[in-house]
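S.K.: Spelled out from the first residue to the last, the chains are:
There are 2 protein chains.
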Amino acid sequence: MTKGRTGNSKFLKAYNETGILDLIRMKQAVSRAELSKETGLSPTAIGAIVSSLMEKEYIHEIGTGESSGGRKPVLLELKPGSWYSVGLDIEVDTVQYVLMDITGQVLHEGSVPLRVNTPEMTVMASEACVRQMMRKFSIRKERLLGVGISVPGIVDSKSRRVVLAPNIGWEDADPAGMLESEIGLPVYIENEAMASAICENWIGSCQTAGNFVCLNIRSGIGAGIFTGGMPYRGTSGSAGEVGHLVVDENGPRCGCGNRGCLETLASTGSIVEKARRLARKGLVSNLKKVENFDGITLEDIADAARAGDAAVISLLEDAARYIGIALSYIINTLNPSRIVLGKDFTVYGDLVLDTLRKIIDARALKRPASNVEIVISQLGERASTLGAAIIPLKKLFGR
Amino acid sequence: MTKGRTGNSKFLKAYNETGILDLIRMKQAVSRAELSKETGLSPTAIGAIVSSLMEKEYIHEIGTGESSGGRKPVLLELKPGSWYSVGLDIEVDTVQYVLMDITGQVLHEGSVPLRVNTPEMTVMASEACVRQMMRKFSIRKERLLGVGISVPGIVDSKSRRVVLAPNIGWEDADPAGMLESEIGLPVYIENEAMASAICENWIGSCQTAGNFVCLNIRSGIGAGIFTGGMPYRGTSGSAGEVGHLVVDENGPRCGCGNRGCLETLASTGSIVEKARRLARKGLVSNLKKVENFDGITLEDIADAARAGDAAVISLLEDAARYIGIALSYIINTLNPSRIVLGKDFTVYGDLVLDTLRKIIDARALKRPASNVEIVISQLGERASTLGAAIIPLKKLFGR
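In the order they appear, the protein sequences are chains E and S. One point on numbering: in my numbering, the residue at position 10 of the first sequence is 10, and numbering is uninterrupted. One point on numbering: in my numbering, the residue at position 168 of the second sequence is 168, and numbering is uninterrupted.
These aren't lab readings, by the way, just hints derived from the structure by calculation.
The calculated DSS-like cross-link candidates involving lysine-lysine, where the alpha carbons are at most 27 Å apart (straight line), are:
no.: 1; chain 1: E; residue 1: Lys366; chain 2: S; residue 2: Lys158
no.: 2; chain 1: E; residue 1: Lys141; chain 2: E; residue 2: Lys394
no.: 3; chain 1: S; residue 1: Lys366; chain 2: E; residue 2: Lys158
no.: 4; chain 1: S; residue 1: Lys27; chain 2: S; residue 2: Lys395
Facing chain S, a subset of chain E residues (Cβ under 10 Å, in silico):
no.: 5; residue: Gly210
no.: 6; residue: Ala223
no.: 7; residue: His244
no.: 8; residue: Val246
no.: 9; residue: Ile325
no.: 10; residue: Leu365
no.: 11; residue: Lys366
A virtual CB, placed ideally from N, CA and C, is assigned to each residue, including glycine.
Please build the complete structure, drawing on both the sequences and the hints.
M.R.: What follows is the structure in structure tokens.
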């Protein structure tokens, strides 16, 4: 019985430490007295927990806060540059990386090219990348909380395996397990849209939203879904695979076997391909400037649209209409409070957001449509890399 | 500080009582020793909690269980016929009712016709219905845990108001508040598809499913969604309004303004209307027997299909195909482990389930499609009425 009690009290202490650490994170700067008031724990208990957290260098004391009289209280906050996390985002031909500290501050970021994207090669590049950052910033291994990986595919959260990632050609791969055994640190893995959603929820525009959807548009289209403030991954990790919602029954044939899937009509690849065809036919004055039509990028297309090219604007609006149709299905089904459009959509989203909103107002039911905000991600391309780095932090804070 | 401590320990005691009560419910028959082992609470603490629960007549002792030697332990279970709950399901022209005891046993059920369905008239009929059952079964008000109402419309779970229920013509109504002030007991309210989902989760086919969807097909079509084992209602209570997913862009105009919404092609009304048209044209041999074509019911249609009438079978299969298309959207988006098709679908579902499954396998992505079971509700029409009665029980068990 004594043994059980000790176990229990140790558990409670760890629980309380994690809880207090998370409270300090949320309050940003907070006194011991406030922590005691907020949690109902005695000043003595708070004092002991705070000492332990300071000893571990998760937090430190800063200046003084406001006081209603008497001695001004010392404030506590997360200690910058003390504990770290790495985020990696695997794309078709690059690995994006970011080094973050416990406060969410980005210390370093960049990307490494991948000549061949196999799980083995990518894990090798990732390992080199992590080790390089550790050297560069003199980070001891004990101070690295872990590594988060974001992949454009379906992840089985129990086994951590990448079940299927068609755009990078992976099937049943275990990059998290491989990297973990190389670097001897905890490695986590998430679908890239879910990584973006985790980022929006932690430091972005969905910190207070309980039910929201991050729609990422790139070579594929996928959604990261939060319900009740928690990531929703579905029964086998494939929730949010909305790139295959049918938005035009007579549309082009998709790799999945159906016609008119959202991906065939609104992915970056489909937009670029259509623009190239228009340019070859000489129908797009502003794109003529690009010497090699095959080299036309989404940025060129957005530039041409901004310069007023009607054919290009119409092309982007068509894509936005299809996105709007798919979102109206998602809105009717999930009634989210917010939808964040991310990745490549941030390149041209401002040009077509009104069109997209109009489609939603026409297509979705009135009540859920009037209760949803549609916004463009402020984090742009970086959301999933940042989100990957946030996963090890979330574990520390018991989230 | 002493006061705070007392409050805290009272809270803990109530929490423990609720937890132990729920454990006894789940274990069905359990000894004090098992409860102690399962929870880590001391035999003394368990003894005190069990005494308190027995005093309140939530539980009682029954015979003896298995023992590995020595005295056979007394088992505890929920006490039948001690505490009650009422469920009401409001339809277009009837109120279905059910009287349930704490064990989930149905003691009485039936329906009362509604000549005029306004919130006021329906609340009056509901009140009469509750009072009549209390008299008939000599149930004291103190022993009625509450009343649950199921409505075919959008419910705001914070205000308990029915925001919109087009099929019964209600808008911004407060039947729960009205009934509560009449009978002086807690009254809860849910959308009918969510009430069905609650029922499937409590006593039906989704007791172990965390992520599932109950699709109810009647005059309208709606879904009750569970994510992570909890009801998911969305941001403003309209999650699951999937009757307006577009399943045929060139389909008939819907009241919502779009074309080809699921409801226009697969609701009971649309099926019956099509069958009547076929019958008038003399195209359906078996339906000729029904003298007045306007009187053809869904049951007549299912009978004709069972008798082998090809035109009627094809009509039902068309409806199933549209349901399959909508479900493929839901499956791609939510990746549920189970979908339960309920209400009127139970009348003819066995005839078309294969067709529906084929559409899903063709239309949804392979992984979520292969991970979802599609079943017909075993509870038929009663699921939402039973679910309504379960709501007050869930509160008692802290669920």
